[in-house]
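Protein chains in written order, with our numbering: chain A, 1 to 248; chain B, 1001 to 1248.
Think of the hints as simulated: they come from the structure by calculation, not from any bench.
Glycine included, every Cβ here is placed at the ideal spot set by N, Cα and C.
Some hints here could point you the wrong way.
[As the list claims (entries may be wrong)] Partner residues aside, some chain A positions facing chain B, computed with beta carbon under 8 Å:
id, residue
1, Pro13
2, Phe37
3, Gly38
4, Phe40
5, Ser41
6, Tyr60
7, Ser64
8, Phe67
9, Tyr72
10, Val75
11, Gly154
12, Tyr155
13, Tyr156
There are 2 protein chains.
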Amino acid sequence: MKIKILGYLSAYPNEKAACSGYLFMDKNEKFIIDMGFGTFSRLPDEFKIPDFIIITHFHYDHFSDIFALEYYLKVQKQLGIFQGKIPVYAPEDGFFSDIINKSDVFDYNILNEKTIINKKTFYINFIKNYHSLENYSVSILNADLKTVYTSDTGYYEKLVSFAENSDLLMSECSLYGKYTGKVQGHMSSLESAKLALNSGSKKLLLTHIPAYGDVSILKKEASEIFDGEIFLAGNTGVLNLEKQEENL
Amino acid sequence: MKIKILGYLSAYPNEKAACSGYLFMDKNEKFIIDMGFGTFSRLPDEFKIPDFIIITHFHYDHFSDIFALEYYLKVQKQLGIFQGKIPVYAPEDGFFSDIINKSDVFDYNILNEKTIINKKTFYINFIKNYHSLENYSVSILNADLKTVYTSDTGYYEKLVSFAENSDLLMSECSLYGKYTGKVQGHMSSLESAKLALNSGSKKLLLTHIPAYGDVSILKKEASEIFDGEIFLAGNTGVLNLEKQEENL
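Same shape as in the complex, but just chain A (with noise of 0.2 Å):
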């Protein structure tokens, strides 16, 4: 399986990178976790039309350029390039839910903590997150290996259950580690860490990193707390998730 981070920065993108979004694949599926700000445009041609899309929340900075994916599918549509619609999993929030669910290039999927995508090679399960809406985090199986991706939440206990033993923890980390408890419903690099080292994770990605400061302290203050390999979104565009050879 491959990860490729098509945004990283939360709350708001600038010049040279977008806010969260992540394009999953192996031979068999390819399907984007999240679309926020500027995430459309650095889809490459040849993923614009996915197998399934899940959108944790609807936060603008992890959904708003679906609506770009949209406009693209009806385009594609009218020129005679696209028919169908993709299946899009996310929560019933009573409005933009119900806008996907209207579209005619989309097939809307409620999504909530009974939700299990079960593919070829993907089995895929959700957490209901600590956070100001309705938002989950996400377990991917692909070929033995676990990747979780928490979305934003604050640091909860059965997250740490949930994410056990991943292989790759992809943790929101919003905040510098002078921030943390001060912002709720957000974790710092401090508390990723911890969900990390707590979890038995054998790699970090920090992820959903602010769009301001010197977010290097990130990884800085993450390693004072867990010992394993840790990735700051940001370096890393392709993540390559191999049992055997273990190359992320």
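Assemble the complex: chain A is given as a structure, and chain B must be docked to it using the hints.
Same frame as chain A, but now just chain B:
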């Protein structure tokens, strides 16, 4: 007055360019008209807190990134860098206008045909377009120069009067000539040129152009009808509009 084109593509952005968004500025004021996909990250830092914002209509390729600006301003507020609210003029659509109205960083103002924005050196008024959603063309008077931005619209006679004697007509050009009359609520290169010709406009900027095909064709097609100067958005990042020199 200068106009920085933040984005000029219709429907969806690509790696190189954003959707609709324009920054207008003179020494007194700076304001933005429309904030489609990809425009926020192209807004220079010194213009990220504009004097006001106009959203001509609530199609995502014209407004999605206003929420990137909202999140940016919220973070600046948390960091103690920004205070107050930015005035936003937008049609009342019952949902997105309510979101803007409830925001703690925006001051919402209803936009309709009666709206006049009268600033020290800018006089701005509106006409209701022929489009699938409530939507306005914008006339901007500055230093005795008239600029008209059509936003999205089909060709209609009242727009010809509204755009009369423009020094610069920023016309939507969503369609190649061969699609003239085949898509309601949008203009082709031929209709943009007809609008420029019939309104007696001096210069024509073709914008809101397709994200597919060979867009240089649009300029060729328009030049068969309109013999004034024609600019194709994309070649021109910043337009200088001055009476004396006319150095557009």
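Query raised in the report: Checking against the hints above, which ones are violated?
Result: Hints 11, 12 and 13 contradicted; others consistent.
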